[in-house]
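Residue numbers (my numbering), protein chains in the order written: chain A, 109 to 365; chain B, 29 to 366; chain C, 14 to 443.
Please keep in mind that the hints were generated in silico from the structure rather than gathered at the bench. Incorrect hints may have been included.
To be verified - Here chain C is said to cover these stretches of chain A; the calculated rule only asks that three of the stretch's residues, wherever they fall, bring their Cβ under 8 Å from a Cβ of chain C: (1) 174-185; (2) 190-201; (3) 213-220; (4) 264-278; (5) 324-331.
Note that beta-carbon positions come from the ideal geometry of N, C-alpha and C, so glycine has one too.
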Amino acid sequence: MTGVALELRDVRKRFGQTEIIRGASLQVNAGERVAIIGPNGAGKSTLFNLVSGRFAPSSGEILLNGARIDGQAPHRINRQGLARSFQVSNLFTHLSVFENLRCAVLWSLGYRYAFWRFLASLRDANERAEELMAMLHLERRRDVLAMNLTYAEQRALEIGLTIAGGADVVLLDEPTAGMSKSETRRFVQLIRDVTAGKTLLTVEHDMGVVFGLADRIAVLVYGEVIAFDAPEAVRANPRVQEAYLGSVLAHAHGEDA
Amino acid sequence: MDQTVINILNGLSSGLLLFMLSSGLTLIFSMMGVLNFAHAGFYMLGAYVGYATSRIVGFWPALAVAPLVVGVLGAVFERACLRRVHRFGNVAELLVTFGLSYLILEAVQVVWGRAPVAFDPPALLAQPAFTLVQSAGTGLSLVFGHADAATCAHAACTTFPATRAFMMGIALLMLLALWLLLRHTRVGLVIQAALTHPEMAEALGHNVPRVFMLVFGAGCALAGLAGVIGGATFITEPAMAASVGSILFVVVVVGGTGSLVGAFVGSLLIGLLQTVPLTVDKSLVDAASALGWQVSPDGVAYPLMKLTLAQVAPILPYLLLVLVLIVRPRGLFGTRDD
Amino acid sequence: MTEAPFHFRPINLGRWLTWGGYAFALIVAPLVFSSSLSQTLLSQMGIAIIACLAYNILLGQGGMLSFGHAVYSGLGGFLAIHALNKVGDGSLHLPVSLVPLVGGLAGLFFAALFGFVTTRKSGTTFAMITLGIGELVYSMSLMLPEFFGGEAGVTSNRVVPPATLGVSFGPQIQVYYLIALYCFICTGLMFAFTRTPLGRMLNAVRDNPERVAFIGYDTQRVRWFAFMISGLFAGIAGGLAAINFELATAEVVGAQRSGAYLLFTFLGGSAAFFGPIIGGVLMVLATVVLSELTKAWLLYLGLAFMLMVMYAPAGVAGLILVNLRLAAFGKLKPLLPGYLALLAAGAIAFTGASAMVEMLYHLQLNQALGPVMTFGGVSLDAKGAPAWAGAALLFVAGAAAFEIARRRFRVRWDAAQHDIERELKRREAA
């Protein structure tokens, strides 16, 4: 897999009178891991929403593997190989862990709106769901309803739903939000494992995670990408330091060392 | 010409009555996300309570008392029942108001019976507001109150009842009051805040559950007010809730859920759509023959095509609903997209 | 391999046992309840079960609240009755037993047509649209007497010679077994649906419509297809009703019918598959039997419904399942005295309240018969103070006793639930 997996060209988004995304441009190469950081309100989640199709941009283009996806419906974009997770776990609450994962693999395995086959007979779907459960270390919670899982388990299932369909471009929205230090460490390892070989775009606040996970960092401030570079370069970038409370970066630098 | 003007005014007055109802419904829906299925029931309650009160103290005091009573009943329901199901979600809230609509219907029938009651407008409103006189010589002219018999012997006279004029007046006053309340008072500000961010408003110290109760009660009071006027103008009977209930939801969907402007425009549109076509006694068959095209009675589409516009009038709002859904699912002024 | 936490699916009780039992009940019911009234009731119940199960595809499985379900069962019924007439006069060569399928196809067709527009929205807007379309169809039914038969409706004759194997569908019992057969097959098919990809995705749409798009499915498509399947079975129910009553009138597409489907499916329990079966049975019992016993039946129904929504939103099925869970953990026996106390207190309060309601109704609706009425064998003077005082006393006493019993029960109930949760955790960790 080579080339530019995801590209944003001067993407703008306004809600009413306020322009939230003001000309964001980005080029993410295939297999690359990119972290998006920025102060609160910079528009990170909005950017994700634009890329994943929840909103259409007011202007500008978004390309997935060279093809335009801006303005398309989310399920269309998903079928072209892009998946996203949510900051607040967005699970199928009354379905079990296993059912959640099985649902997530159905489309990618070709079982469209089939009402003439039994789920139990879909060998590949069931096996894939079992595989995913093992990857996420959720086998022991197989039949627990998603709404009854612990927070960390829900976040893990959230990631599971995102990668289940085999998407090549994965967007993770604050995957480690609300986790303790040790949970975060384990979770980052999980993310590395499940997204191996894929293009990863993640919004993160935890600088330790960012510097540990990312090949390149994009800094989003007031709807614009003010820096997009390797971690060290971003850390040293004066604009970034100015915009983003230099102390935070310095702290992370100290931790990282 | 005079007929047309009166018809349009009739349509507008029906629309404004619908607005009194749909504004309350929209407020409740925007604020609490609850679709008050029993809203038409509160309308009916307003008419009956107005009737009962007017028999004791007369129409004008009843006009003030009945909405208050209905508002209080609405607030009590919100406190006792609606609040309890809030945690089960919007569907449960809708269902509990659905059950309430059955209850109100039965309660009304057991207290006042199944036949219509004689809720007549007061003397002041029981006459025409004005009469339009269409004569060959002087054209169209307007006479306040009755036109004398001599004039009407030689010209076409159509009256516009004072009840309808009163209805329009109250509705417009109500619109003004709502606008002033929401935009220019503190209470209105809090309501607007709680509308989109109830938790934040609560965190800022406002008693949001109490605001909800007040808004629900106010919405029901508006429905009750509409009921007093509607019941006196038209007919007060147990079927009046059902007849206005489904139209009300068409208004809300066409206008756009969550928008008061949408409720206003939608109400007027539907009001006109229900009334104006009633005067057209032509059908598609007539239209076709006007174009020189004969439709045979044995044709498959004949039963449909022979219906006059007047006969089809009741379903026009629903056809508009379907059209709006295909062309603009958000509604004319819709803000909430669920 | 850890033991799975306790969960309820009918399959756990033994697939063959459940379905065998269901078939057995369907076959044996009219032999046990053999009066002609019972046969009529049972036939109607079979139809109602199919209709409510079809409705629950939308409500319980899809989270779609529809106020216009009667449109599909009703239109299915009308098309079926016209087909039946055509079979009768020889222009359509179809066995009477297959006429309900015509209804099913009609239901499917109209669900596809109206559903395309209806499923564009969700939640409360969806509900309002279904209401609007219901009113649209009902209003049209009065405008097109050629198809809908005007005020009198469309009649037919289900007996079409020759009778194959002695079955002419003249006697009610034969119609019952036809209905029972359809009921069994349709229940089976609808249950199978819940175990298919589309059925499961429908659940996903119910739980999280937004997420569904992000796993590759078009939410609206899923809803539309489910709507069509629901319409198909609703149409079959309508077709069976056409055969059963040999009549179809405008009210079969009306708002009251739609409201009844909603009310009783919810009462039966929308979260469990078998809930609507209970709902269908209740629907017939209430509309046919209860309405004969008292004029206030709609009031009772409305109250029962509101109480269910507020205190037991999982319906009768939910209550059964909760108690089954208690029994499985051996916690039910200790709670039985509490249940009995609640029941007794509730019965007293209910007697008092319903006496007052009945007297009120009697005064309003039966004025010509004078103020004296019988209530449960006791004659009461509805205008007299003693009757009212007595009823009020019963109600207050019963309500007070109920409240006391409820508080005691609540403590025991919470303790039992707590113990069960602890046991589940223990099993999981083992």
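Here is what the structure says about each hint:
1. 174-185: n = 3 at 8 Å, threshold three: holds.
2. 190-201: Holds: 7 residues of the stretch 190-201 of chain A have a Cβ under 8 Å from chain C.
3. 213-220: holds (count 5)
4. 264-278: holds (count 4)
5. 324-331: violated (count 0)
The structure fails to meet hint 5 from the earlier list, while all remaining hints are met.
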